[in-house]
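Could you use the hints to bring the two separately framed chains together as a complex?
First to last, the protein sequences are chains E and X. Read in the numbering used here, the first sequence has 151 at position 151, and its numbers run on one by one without any break. In the numbering used here, each residue carries its 1-based index in the second sequence increased by 154.
Note that these hints are calculated values from the structure, not bench results. Honestly, I wouldn't trust all of these hints.
What the hints assert, rightly or not - Reference listing, derived: stretches of chain E covered by chain X, where coverage requires no fewer than 3 residues with Cβ under 8 angstroms from a Cβ of chain X:
(1) 51-60
(2) 72-82
Claimed, not checked - So the derived label-pair ranges between C-beta atoms look like this:
(3) L337/X x Q96/E: 55 to 65 angstroms
(4) P348/X x N115/E: 23 to 33 angstroms
(5) D359/X x Q96/E: 36 to 46 angstroms
(6) G214/X x R117/E: 47 to 57 angstroms
(7) A212/X x D19/E: 31 to 41 angstroms
(8) S4/E x H296/X: 19 to 29 angstroms
(9) R82/E x D255/X: 18 to 28 angstroms
(10) R70/E x D255/X: 54 to 64 angstroms
(11) D80/E x D347/X: 18 to 28 angstroms
(12) R70/E x P228/X: 55 to 65 angstroms
(13) T2/E x A351/X: 26 to 36 angstroms
(14) A224/X x R69/E: 34 to 44 angstroms
(15) H296/X x M1/E: 40 to 50 angstroms
Glycine included, each C-beta is placed from N, C-alpha and C at the ideal position.
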Amino acid sequence: MTISLHVNGQAHDLDADPDMPLLWALRDLLGLTGTRYGCGEAHCGACTVHLDGRAVRACVTPLGRAAGRRVLTIEGLSPDGRHPLQAAWVELAVPQCGFCQAGQIMCAAALLAANPRPSDAEIDRSLAGNLCRCGTYTRIRAAVKKAAGTGGGP
Amino acid sequence: MERAARSRPAHLRPGRDRDRVFVRVLGATAALAAAAGACGGGRPPPPPAGPPVLAPAAAGALRSPDDFLAIADPAARSRALFLEISRVLTHPRCVNCHPADDSPRQGDDALRHDPPVARGPDGRGVPGLHCGSCHQDRNLDHARVPGAPDWHLAPATMAWLGVEPAAICLQLKDPARTGGKGLPAIAHHLEHDPLVAWGFAPGADRAAPPGSPAAVAALARAWIETGAHCPPPTATPAGGAP
Ligand code: FES
Ligand code: FES
Chain E
1 MTISLHVNGQ AHDLDADPDM PLLWALRDLL GLTGTRYGCG EAHCGACTVH LDGRAVRACV
61 TPLGRAAGRR VLTIEGLSPD GRHPLQAAWV ELAVPQCGFC QAGQIMCAAA LLAANPRPSD
121 AEIDRSLAGN LCRCGTYTRI RAAVKKAAGT GGGP
Chain X
155 MERAARSRPA HLRPGRDRDR VFVRVLGATA ALAAAAGACG GGRPPPPPAG PPVLAPAAAG
215 ALRSPDDFLA IADPAARSRA LFLEISRVLT HPRCVNCHPA DDSPRQGDDA LRHDPPVARG
275 PDGRGVPGLH CGSCHQDRNL DHARVPGAPD WHLAPATMAW LGVEPAAICL QLKDPARTGG
335 KGLPAIAHHL EHDPLVAWGF APGADRAAPP GSPAAVAALA RAWIETGAHC PPPTATPAGG
395 AP
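Excised from the complex, chain X in its bound form (with noise of 0.2 angstroms):
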């Protein structure tokens, strides 16, 4: 269930940190091809070019793909693309359900299940105590238990739960922990599964991710058609209120 709060790690805060972080990022990049510019002699080296301005996110939306045809190279774009995606991954309605141990999260800090319920063989549960033994196909307002259908962990070789942006990505271009989902079924899971609708739409006083299933799967594909390139370990998402 999801029920409480605690902060997230400051590299997963939305807002302003994250912008510095992204800026810093792409600063870098440009610092290093204007130094390259200057080495290749005769001509003076252009101006600096500051980092591609992207349009601020509105809040609780994604942006689109269209607003990262600013950044023109398209590895550049692919990477700029998964982190803001990840944006989505890394939020507390994803990674509950993604834990690397055998136990779901609640709440908005990662707290444990409560009550203490177990994975099990296929992430629903142990007999006894089945995510469906509380968990019905839609939310239970009266009791404040969260419901989709076919309420279940997501496996633990897919765990996003405390991992980073880059780590995700290579995970997700990994059939081996993706039980053999390619890019396109991955688009997929976001855009048709009824669990990632319910995060989107999580009812009660749950925060959303920003955007929607098809915002999201609509980055995902452009990011495919980019090359799905990952960011670099360190690089965290833009900011945009969450």
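So that you can see chain E by itself, here it is in the shape it has in the complex (with noise of 0.2 angstroms):
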């Protein structure tokens, strides 16, 4: 079956199956790989991208629900890398292993377009089901707060 997906500003026509998660058309059809599989059971927000401006979990998302609607991935995120997410993330060296972070920024950039200047307590609700295995909440809260202009400094 040909599905028309939009991901990142480009479309394609992917022959797939309806069923298969967004995730392995991502990664295994497009190439895309800065969406990690992490758990593939919704746990872990690894895999974390937008559908429409939304988050969702890519490891759970039929690729039938993305048909004829946005997507955006980290590689899509900002033209140069420079969203401003992404250069707090740089200026507060945020990452341990990197694994978890992709999904990590596109969660807090959903978060920041639906709300520009989330508390602390509003962050960690939303970040809450993004799981990091080297344990760098503090340092993702605080680019979260840098980049919507709240604080943050190193």
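Written out as structure tokens, the structure reads:
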């Protein structure tokens, strides 16, 4: 079955099963490997992308749900890697191993799009489901605040 | 998501205990009636009437409204009908999405939702972590994520988790707590809401409440037609295999 996707502003026609997880299509069919496979069952957030501007977990999003809709991955967040969150991430050296960080940034980007100046509690609530096995949570929160212009100095 | 198991409060457990409590409640009513008759003078009191014998519920089923016709007094029948409905309303598949706080529950033991999600302003989560970020319009067997259209929490004013049947009954009759929904709308919710339908067919190894959307809605309509009376505070449903 042919499924039309708009990923990071580009149209793609994929010959794929509509029940295939969007994550597989992104990584295996389109080569967009910035989105990570962590748990595969909606537990870790490593696979977070945007669907029409809202964060979804690509490992449990059937490809058919994304048909005809706008998908945004970490590769498309900004043309030059200078989205305020990416800049804050670099400045505060947030990642440890880095595995979870694309998902963290995409979740934070969805938060800031809806709520540009979130409180600490709002940041914690929105990112509560994005796990980091390296424990970079305090740096993640500081970087979100820095990107929001509400604090987060090194 | 719906994943784990722990035992439910004793008063909500199906089976023998419930039978005993129900018989006690009805037995006390019968004793009072007999005492009142004894004060009436003249004729000897009729032999004490036992509690109406309800047909046992079949495994996985609800009694039908007709099964309650043995209870002659409409108000008493109404109360008994509500207790039968409460076998559904207090089931984990229902109460897990009717909490008073900000966290949905999962499994049969009201464990907090994992990952930790928040109710949000409209019961559909918060930016970055909406219910629909993970829950689809159907179950996802490969990830054991349950799903149905518009997966969301009931408003906190409609909390049923840890609430006695009598208190749930009073809540359903209070439009201030049902968002202005009248009783017919509640019967409609039970019969037609896709989330209720999911609860009766939850998939995987999740336990389902007894009956079906149509069966519980029929009971709800019979309850409404008999005056929508609420059971006494300590009453629990008659037994029946869940
Ligand atoms: S890989 Fe999707 S949530 Fe873990
Ligand atoms: S930086 Fe290693 S998992 Fe988050």
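Outcome of the hint check:
Here's how the stretch 51-60 of chain E fares: 6 of its residues keep a CB closer than 8 angstroms to some CB of chain X, so the rule of at least three is met and the hint holds. A count of 0 residues in the stretch 72-82 of chain E with a Cβ less than 8 angstroms from any Cβ of chain X is obtained; the coverage claim is therefore unmet, three being the minimum. A beta carbon spacing of about 56 angstroms between L337/X and Q96/E agrees with the range 55 to 65 angstroms that was offered as a hint. Between P348/X and N115/E the beta carbons are some 29 angstroms apart, a value that agrees with the proposed interval 23 to 33 angstroms.
Look at D359/X against Q96/E: about 37 angstroms separates their beta carbons, and that is inside 36 to 46 angstroms. Under the hint 47 to 57 angstroms, the C-beta atoms of G214/X and R117/E, about 52 angstroms apart, fit the expected range. Checked against the given bound of 31 to 41 angstroms, the beta carbons of A212/X and D19/E, roughly 36 angstroms apart, stay inside it. The hinted range of 19 to 29 angstroms is satisfied by S4/E and H296/X, whose Cβ atoms lie roughly 24 angstroms apart.
Distance hint for R82/E and D255/X: a CB-CB separation of about 40 angstroms, inconsistent with the stated range 18 to 28 angstroms. Checked against the hint of 54 to 64 angstroms, the pair R70/E and D255/X fails, with Cβ atoms roughly 35 angstroms apart. As the Cβ distance of D80/E to D347/X is approximately 47 angstroms, the hint placing it in 18 to 28 angstroms is violated. Take R70/E and P228/X: their Cβ atoms lie about 58 angstroms apart, and the range 55 to 65 angstroms holds.
Taking the beta carbon of each, T2/E and A351/X are about 32 angstroms apart, inside 26 to 36 angstroms as hinted. A hinted range of 34 to 44 angstroms is violated for the C-beta pair A224/X and R69/E, which are about 56 angstroms apart. Distance hint check for H296/X and M1/E: the Cβ-Cβ separation is about 18 angstroms, which falls outside the suggested range of 40 to 50 angstroms.
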